[in-house]
Structure formats: structure tokens, C-alpha cells
Amino acid sequence: MLLQLLDYLGVAVFAIAGSIVASRKGLDFVAFLFFATLTGIGGGTLRDLLLDVPVFWLKSEGYLLVCLGVSIFMWFFAHIVEGFGKPLRWADAIGMSAYSVMGAAKTLSVGDTPVVAVLMGVATATFGGVLRDVIAGEPSAIVKSEIYVTAAFVGAGGFVAMKAFGLSGWVAAAIAALLALLLRGGAIEFGWSMPGYKNNKRKDT
Amino acid sequence: MLLQLLDYLGVAVFAIAGSIVASRKGLDFVAFLFFATLTGIGGGTLRDLLLDVPVFWLKSEGYLLVCLGVSIFMWFFAHIVEGFGKPLRWADAIGMSAYSVMGAAKTLSVGDTPVVAVLMGVATATFGGVLRDVIAGEPSAIVKSEIYVTAAFVGAGGFVAMKAFGLSGWVAAAIAALLALLLRGGAIEFGWSMPGYKNNKRKDT
Amino acid sequence: MLLQLLDYLGVAVFAIAGSIVASRKGLDFVAFLFFATLTGIGGGTLRDLLLDVPVFWLKSEGYLLVCLGVSIFMWFFAHIVEGFGKPLRWADAIGMSAYSVMGAAKTLSVGDTPVVAVLMGVATATFGGVLRDVIAGEPSAIVKSEIYVTAAFVGAGGFVAMKAFGLSGWVAAAIAALLALLLRGGAIEFGWSMPGYKNNKRKDT
Numbered sequence: 001m002l003l004q005l006l007d008y009l010g011v012a013v014f015a016i017a018g019s020i021v022a023s024r025k026g027l028d029f030v031a032f033l034f035f036a037t038l039t040g041i042g043g044g045t046l047r048d049l050l051l052d053v054p055v056f057w058l059k060s061e062g063y064l065l066v067c068l069g070v071s072i073f074m075w076f077f078a079h080i081v082e083g084f085g086k087p088l089r090w091a092d093a094i095g096m097s098a099y100s101v102m103g104a105a106k107t108l109s110v111g112d113t114p115v116v117a118v119l120m121g122v123a124t125a126t127f128g129g130v131l132r133d134v135i136a137g138e139p140s141a142i143v144k145s146e147i148y149v150t151a152a153f154v155g156a157g158g159f160v161a162m163k164a165f166g167l168s169g170w171v172a173a174a175i176a177a178l179l180a181l182l183l184r185g186g187a188i189e190f191g192w193s194m195p196g197y198k199n200n201k202r203k204d205t
Numbered sequence: 001m002l003l004q005l006l007d008y009l010g011v012a013v014f015a016i017a018g019s020i021v022a023s024r025k026g027l028d029f030v031a032f033l034f035f036a037t038l039t040g041i042g043g044g045t046l047r048d049l050l051l052d053v054p055v056f057w058l059k060s061e062g063y064l065l066v067c068l069g070v071s072i073f074m075w076f077f078a079h080i081v082e083g084f085g086k087p088l089r090w091a092d093a094i095g096m097s098a099y100s101v102m103g104a105a106k107t108l109s110v111g112d113t114p115v116v117a118v119l120m121g122v123a124t125a126t127f128g129g130v131l132r133d134v135i136a137g138e139p140s141a142i143v144k145s146e147i148y149v150t151a152a153f154v155g156a157g158g159f160v161a162m163k164a165f166g167l168s169g170w171v172a173a174a175i176a177a178l179l180a181l182l183l184r185g186g187a188i189e190f191g192w193s194m195p196g197y198k199n200n201k202r203k204d205t
Numbered sequence: 001m002l003l004q005l006l007d008y009l010g011v012a013v014f015a016i017a018g019s020i021v022a023s024r025k026g027l028d029f030v031a032f033l034f035f036a037t038l039t040g041i042g043g044g045t046l047r048d049l050l051l052d053v054p055v056f057w058l059k060s061e062g063y064l065l066v067c068l069g070v071s072i073f074m075w076f077f078a079h080i081v082e083g084f085g086k087p088l089r090w091a092d093a094i095g096m097s098a099y100s101v102m103g104a105a106k107t108l109s110v111g112d113t114p115v116v117a118v119l120m121g122v123a124t125a126t127f128g129g130v131l132r133d134v135i136a137g138e139p140s141a142i143v144k145s146e147i148y149v150t151a152a153f154v155g156a157g158g159f160v161a162m163k164a165f166g167l168s169g170w171v172a173a174a175i176a177a178l179l180a181l182l183l184r185g186g187a188i189e190f191g192w193s194m195p196g197y198k199n200n201k202r203k204d205t
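Just so you know, the sequences run in chain order V, H and U. Numbered according to the working numbering, the first sequence terminates at residue 205, and the numbering increases by one at each position without gaps. Numbered according to the working numbering, the second sequence terminates at residue 205, and the numbering increases by one at each position without gaps. Numbered according to the working numbering, the third sequence terminates at residue 205, and the numbering increases by one at each position without gaps.
These aren't lab readings, by the way, just hints derived from the structure by calculation. Certain hints may be false.
[As the list claims (entries may be wrong)] In silico lysine-lysine, DSSO-like type, Cα no more than 30 Å apart, as pairs:
1) U/K198 - U/K144
2) V/K163 - U/K59
3) H/K198 - V/K86
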């Protein structure tokens with residue numbers, strides 16, 4: 001019950017991030033719906049297609065209704081929600097952290113290997129946002145130096161590693177999600193970024 | 001038999017719209033083939049992947065051959081076809097309207113819920129074109145204010161709603177497709193568009 | 001054994017081409033990993049999803065580990081690898097040629113038709129690179145006039161045609177891959193390109 005609620009909360013947070021792209025571009029309501037749904041369920045959909053399990057929102061309408069509800073709400077209040085700049089980014093960070101662990105956990109639960117589980121965790125947490133940015137014609141988190149995909153990687157990888165070392169699922173999940181959240185939080189609060197590849201290495205050699 | 005013919009016609013119309021992107025950019029024949037196929041079968045392919053039913057063109061080569069035929073035809077006559085600006089947009093509107101209903105109907109027929117059916121109708125009708133525009137580096141129908149995705153939404157939603165209210169499949173399909181077509185037709189003839197989200201709301205509050 | 005090695009080699013070559021996009025943009029290590037994996041396994045993943053067979057890297061971790069290894073290597077040596085401009089393009093050409101034939105062969109082996117097999121061969125050989133370019137915000141091979149997708153088409157189509165005319169699988173595969181490689185090689189060495197659609201035809205008619 002609590003888990004289900006957390007799951008809906010994750011979809012809702014991502015849907016909000018999606019509809020904000022539509023509001024910033026001044027698009028119509030159907031575009032709000034499109035971007036909210038794409039961002040909210042895109043990552044988990046890719047994960048389920050690749051794992052060849054039924055797509056999670058097919059048999060459980062709640063997820064799509066959450067995206068619909070968020071779109072309606074945001075159609076009226078996007079300008080107010082955007083006012084909460086930093087709280088919103090923290091909310092998105094919580095969604096990303098939770099999903100990186102949940103994506104990895106679902107993959108392990110259907111019997112796939114740890115390496116695959118890490119990849120799936122990252123995909124679940126980030127793919128919806130990447131699709132949204134590509135369709136909106138904006139640079140996605142992949143090509144920005146700010147820490148985002150890296151934090152998803154730490155969440156998924158940390159969970160899989162701790163499980164391999166024998167920690168119980170819930171403890172591993174909590175620690176891994178917290179690690180991912182702290183890393184992403186550092187990027188939000190202090191602008192943490194990963195070192196980029198130095199193109200000018202070419203000159204040095 | 002008639003249905004099959006209509007289905008091929010839908011793919012053909014979308015394939016034409018795809019190959020025109022290639023002709024406008026002055027690309028080679030393989031690009032004609034690529035964009036014709038992507039646009040022609042993209043939406044239905046996504047629908048079938050998500051529903052976990054066999055992709056519709058896997059066992060029935062006709063669809064791919066239609067895309068091939070359209071590409072060859074367009075390679076020689078794209079400049080003439082483009083001359084029919086408005087008729088062509090109407091043809092595309094017919095394809096979109098028919099597919100929004102067919103996508104929803106196929107989803108209901110495999111036992112999924114009405115909410116999912118609406119989403120699948122919209123996806124079938126619009127996803128091929130969105131993919132085409134993203135790969136061609138052009139703004140897709142999602143980010144334009146002109147009514148397009150909205151009409152697909154009305155077609156799929158109208159069909160599902162009328163079915164739920166007990167109308168027979170054929171009547172519901174005909175009315176819903178007509179509604180979608182009229183809405184899209186209004187956009188073509190009179191430039192109908194949906195109201196966009198006003199960014200300057202922020203100033204007012 | 002040798003086949004498996006060739007398969008890993010193909011993934012590695014594509015992964016290198018992917019990570020070079022990350023190095024050119026000066027991105028961080030996770031972006032190297034992302035682009036290497038996307039380019040390395042993207043085309044084959046689409047093929048397997050469409051064919052509804054288990055995605056090839058799900059049960060066999062080697063492929064993902066190859067992408068990881070390539071990313072680590074490239075993180076330190078991308079500037080040197082890029083120095084080998086032409087050899088690198090030839091390596092990519094070998095990967096593309098081999099995959100166009102392997103994609104078509106896998107499709108025939110699961111009982112699908114020749115037309116579908118050609119499409120799948122082209123998709124396997126080119127889709128990873130197209131995704132990479134779309135996400136990186138660069139023009140993909142589809143919209144360039146240089147021969148690339150065309151060569152994949154010749155590889156997949158040639159293989160399917162020769163099989164249909166009764167040649168044994170290995171002979172057909174070798175000849176088709178060689179044809180694709182020669183065509184792509186001509187583009188690399190002599191700038192071969194396909195004639196584009198002439199937009200100014202409109203003026204002539």
C-alpha cells in the first residue's frame with residue numbers, strides 16, 4: 001500500500017517535470033498530457049519492454065490517471081509550481097533516486113543478472129526525461145555536465161552491489177537511494193558536476 | 001477485404017507524408033525508403049510492442065511493400081505530389097483519424113482498459129510522424145499549436161466513450177473518426193488551434 | 001567461438017564510435033558509458049524487440065561488459081583513437097557490414113519473411129548510430145548524402161537475395177558483407193554518395 005503510493009508519487013513527480021516543459025513552451029493542453037505521460041512512464045516502459053514483462057501501466061490504470069490528473073493541475077497552476085524552483089528539483093531528485101533502485105530491483109526479481117540490473121535502473125530513472133528533451137528539442141541530461149545520470153548510476157549500482165554483498169533488500173534500497181539523492185542534491189545545491197573529457201588533451205600529446 | 005484495403009491506404013498516406021520530408025531535404029532514395037517506412041508503420045509498431053502482440057507487419061509483407069511502392073513512386077513524382085498541398089494534408093488527416101480509432105479498437109480487442117485504449121489510439125495515429133520529425137530535426141506536431149494530436153485524442157477518446165455508452169463498434173468508429181477528421185480539417189482549412197499555456201501568467205501573479 | 005568473438009568485435013567497434021561522440025563534446029564518464037552502450041547494442045535491441053525474441057544482451061553479460069570496457073579505455077585514450085581517423089571509419093564500416101547481414105540472418109532464422117529480414121538487417125546495422133546522433137543533437141547518417149544506410153541495405157538485401165537463389169548461408173553472408181563493405185569503403189575513400197532528390201525539379205515542370 002505504501003509502496004504503491006510511493007510508486008504513484010514517483011510517476012507524479014516525473015509527470016510534473018514533463019508538463020513544465022510544455023508550460024515553458026506555451027503549448028496546449030494535449031501537449032501537457034503528452035509530455036507528462038511520456039516523462040512519467042517512459043523510463044519504466046522501456047525497462048518492461050526490454051525485460052519482456054507486461055508494461056506496468058497496461059493492467060493498472062492508476063498510472064495513466066495520475067498523469068492525467070497532473071496535466072489538469074499543471075494546466076491551471078504551472079506558473080505557481082514553477083515558482084518553487086529548488087523544491088521542484090529536489091522532488092525530481094527523489095523520483096530519480098527511487099526509480100534507479102526500483103528499476104534495478106525489478107530486473108533482479110525477474111532473474112536477470114546484476115550488470116543488466118544496473119543498466120535497467122539507470123534507464124528507468126532517466127529515459128523518460130531524455131525522450132522528453134529530445135522531442136522538445138532541448139539538450140537532455142546526458143549532454144549536460146551537471147550530475148544526473150551519474151546519480152542514477154550510483155543508485156542502481158549501489159543497490160546491486162549491496163545486494164551482492166548480502167545486505168537485505170530494504171536496507172540496500174534505502175542506502176542506495178539515499179546515496180543517489182545526496183549526489184544529485186549536491187548538484188542542485190552546490191552545482192556539483194563530473195569532470196568532462198578534455199578535448200585539448202589532443203594538443204598535449 | 002475492404003478493411004484491409006483501408007488499412008493499406010492509411011499506411012500509404014503516412015508513407016507519402018514521410019517521403020515528402022526526404023524530398024524536401026533533397027535526400028537519396030534510401031532516405032525516402034527510411035522515412036516512408038518509419039512514418040507509415042511507426043505508430044502501429046509502438047502500439048503492438050506496448051500491447052505485447054506480434055508487430056503487425058511481421059507476418060504480413062504487404063505493409064512493407066506498400067512503403068516500398070510509395071517510396072519508388074515518390075522518388076519520381078514527389079515534386080508533383082507536393083503540388084497538391086491541401087489535398088495531401090486532407091489525405092494525412094484521413095489517415096490520422098482512421099488510425100486513432102483503429103489503435104483504440106485494437107487495444108480494447110486484446111482486453112485492455114479504456115484509458116489505455118485512448119493512449120494507444122493517440123500513439124498509433126501520431127508516433128510515426130513524431131519519430132520522423134525528431135530524426136529529420138524538425139519541430140514535431142507536439143510542439144506546434146495547430147490541432148493534430150488533439151484530433152487524434154478526440155478520435156480515440158470519442159470511440160472509447162461511445163463504446164462504453166453501448167454504441168455498436170462500427171457506428172462508434174465512424175462517428176469518432178469523423179469527429180477527429182472535422183477537427184483536423186478545421187485546422188487545415190481555417191487554421192484552428194488550441195489555446196496555449198500563457199507564460200506571462202507568471203507576471204500576473 | 002570465432003562467431004562470438006566477431007560479434008563482440010562488432011559491438012566494440014560501434015561502442016567506440018559512440019564514445020567518440022561523448023569525447024568530442026567533452027562529456028563526463030557516464031556519458032561515455034551511455035553513448036557507447038546505446039550505439040553498441042541499440043540496433044540489435046530494436047531488432048530483438050520487433051522480432052519478439054529475448055534481447056540479446058539480457059542473458060549474456062559479455063556485451064554490456066564490452067561496452068563498459070570500451071568506455072573505460074576511451075576515457076583515457078579517445079584523443080589517440082581519434083587520431084586514427086580513416087582506420088576508425090573502416091572499422092565502423094566492418095561493423096556495419098557484418099551487422100546488416102547478421103540482422104537479416106537472425107530474422108530469417110526465426111521464420112520471418114525476406115522483406116522483413118532486409119528491414120531488420122538495415123535496422124540492426126544503423127539504428128544504434130541514428131539514436132546516438134539524435135540524442136547528441138547531431139545530423140544522423142539518414143540525412144547525410146554519404147553512403148551509409150545504402151550500404152547496409154545492400155548487405156541485408158544481397159544476403160537475402162542470394163539465400164533465395166539457393167546459395168549456402170556462409171557464402172551468401174561473406175559476399176553480401178563484402179559488397180556492403182566495398183560500397184561503404186568507396187564512400188570513405190572517394191566520397192561516394194547517392195544522387196539526392198532534386199528539389200529544383202519543381203521549377204522544371
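Tested hints:
1. For the hint linking U/K198 to U/K144, the alpha-carbon distance of about 15 Å falls within 30 Å, and the restraint holds.
2. For the suggested pair V/K163 and U/K59, the alpha carbons sit about 19 Å apart, so the restraint of at most 30 Å is met.
3. As the CA atoms of H/K198 and V/K86 are separated by approximately 22 Å, the hinted pair is consistent with the 30 Å bound.
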